[in-house]
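**Q** Okay, here's what each chain looks like letter by letter:
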Amino acid sequence: MSKMYVGENIIKVDSKEKVIGKALYPDDLSFEGMLYLKIKRAVHPHAILRKLDISKAEKLPGIVKIITAADIPWVKNFGLIIKDQPVLIGIGQKMRYMGDALAIVIAENKEIASQALRLIEVEVEKLEVISDPIRAIEKDAPPIHNNGNILATHYLEKGNIEKGFAQADLIVDKEYRTSFLDHIPLQVESGLGVFDAKTEVITIWAATQWIHDTQADMAQALGLPKEKIRIIQPAIGGAFGKREDISVHLHLALAAMLTKRPVKLTYTREESMITQSKRHAFIVRAKTGATKTGYLTAWQVEVIGDTGAYASSGPAVVRKGLYHCTGPYNVPNVKGVAYTIYTNNTYAGAMRGFGTTQMAFAYESQMDILAFELGIDPVRFRLQNAYEIGSSTPNQQILNTSVGVKDTIQEAARMANWKEESR
Amino acid sequence: MKRFGRGIATIMFGFGYGEGFPDYSVASIEFAEDNKILVRTAAADVGQGVLTVVVQIAAEVLKVSPEVIRIIPGDTHLTKNAGSSSATRQTFFTGNAVKNAAQALLSNIYHYASIEFRSNYAELSVKGGYVFRVDQPNNKISFWELAQKVKEKGEILRAEASFFPRTNKPNPETGRGEKVYVAYTFVTQIAEVEVDTITGNVQVLKIYTAADIGKAINPQNVEGQIEGGAMQGIGMALMEEQVLKDGVTLNANLTDYLIPTAMDMPQFETCLIEKEDSDGPFGAKGIGEPGTIATAPAIANAIFDAIGIRFYDLPITPDKILKALKEQKDKKL
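Going down the list, the sequences are from chains A and B.
Residue numbers for the first sequence follow the working numbering, beginning at 1 and rising by one.
Residue numbers for the second sequence follow the working numbering, beginning at 1001 and rising by one.
Please keep in mind that the hints were generated in silico from the structure rather than gathered at the bench.
Note that the structure is a prediction, hence the values are computed from the model and not measured.
Each residue gets a CB set at the ideal place from its N, CA and C atoms; glycine is no exception.
Some hints here could point you the wrong way.
[To be verified] Derived coverage of chain B by chain A (criterion: at least 3 residues anywhere in the stretch with Cβ under 8 Å from a Cβ of chain A; other residues may be distant): (1) 1152-1164; (2) 1254-1267; (3) 1271-1282.
Starting from the given sequences, assemble the full structure and let the hints guide the process.
**A** If you want it as structure tokens, here you go:
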């Protein structure tokens, strides 16, 4: 049936306001009598906080309040999957990466807040910094969290991997590495908070990719009923996964509650890059077998995902990477294991592709190496192994509908005028 | 010397949370006083265009101009859960929720209008915000008039619907599950590159993309997702890296952390494969994440094609290329 609006290039409904500068992003908003926040961050990536002296900073004219963990004993940890992230690090507690928050500075303006950060005196007991996930899983490595540095282990098994490799004429066994990446959305983390003393509702204007999830996590951390946390979404300047985790939200809520005044917090770009989530750095060991006629027989992977200091979406990201380890190709025998590892790096979470982007670098490199070694054109090699209706994924999910992968290979090759090459 | 190469990468992406995690979206549609139709959804438009998708779908089902549709901004106290704008799920989940809500509203429009017209449901039709009898098209009531008449009866002309497909939790030992993801999007990209063997610089000249997306609700925005995703993929392949030394970030600024600029932008040629064969709205599948996934491996494969060197770690910076070229030359000597 022909359609009137679906399939049409309607101009984005929010583009005009954005183009003429009328769209309001969080940092564009303000309230009368608003205070500004800055966060005192960790001074070492792995250390126990021994002393936090805010007395000099508090005396600075224009400082309204400085909140430390001692002021908020009722506040609980937060986190997307596992509640392992502290809102503020208290005396005797550990900072686990450079983005951990030690104090919330609340001032009449941003400059005074920044000055006060420098007047806060911090003493720490330094611990070994673990920046390499391989070091993290060694027996004598200090645990970053109580239960050790292996946060999660996931498995994949289909068919018989030994049989699969026995059937192979060629086996390619390689190790791939990808880096920590920042999403670099145009808009840095920013928001406003208002506490209504009458209704006791805290309203937060801040970008999030999932307002109801952020509301729920904030409510449990603050020990409040959900309806006391209201989140209103201003215009969002990009996200790419970086706005799944809580950033400014809890610090804004606490500052608004404790000062009873509107508050604003906007990260610097540097702060955003050090503090907020990253794409996981992956190590992927991939071993792939194929027959000399170019059919895949076995695929084995070991994945190490560095999730940094906190879990965030980490276990799900690394698992999803594992579940996509063969790419869209028929492989009867698959085996895999994936470890999600804590380190003292910036915590890693969701980023466009959620673990499968790193994995694709591994599996598509493997496919190219195999094609080259077998002397088969890489387009033909992919085509003859690609999924079709009835194919089974690494999870053994049978694909019954909408499997257009071969069409994509053929169409891309047609557009690029790809002439088959045999080496 | 500049050496040309091209590489291909084909990827899959199982979208939605999947893996048995509850995944749903709720949307509702009602009539506003100013002759607008109000859609309530908490779906975050982070620039990807979900609200445009929502407007197009609601307009399509209700046969009204897209200008008539208004969306209230995301607010926990005015909307219900739509899930996250992640996992490439909003077009599929919120798109379906809005489609279901629009269909439910349309059913109610027919229900109440059939009472007004003393007609049977099948004899009615809608167009441009009016409901009318097919045999008497001039005898019509606007949606807003109808909403008022319904209100006078003490009822409300509105609809709420959701989309809540099931997936299975994979077996923890094997990963096996009958339906681990609601569906997969597939993309193939071919990258053409030029490697400068003197500077080690890689210029991506052209990226061809073919994407199996079921149906493009808004083809231009789908292409936008693919081109934007490819730019992020170029960053991942060639330059982006948070450099950490002992837990300390050494390049926490945009002078030292490089991202692609307009100067790095290749030509794009994109083909959308639309078989309208998924369970998404009008057969659509998601494209948000799949747009970026194939790019880095396609470029890595193109670099191999150009200079015969395979790189196993990203990003493939000029330094790494020059070092590898020198090793290649030393080996030949």
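**Q** Checking each numbered hint in turn, tell me which of them this model violates, lowest number first.
**A** Number 1 - this is the single hint that the structure violates.
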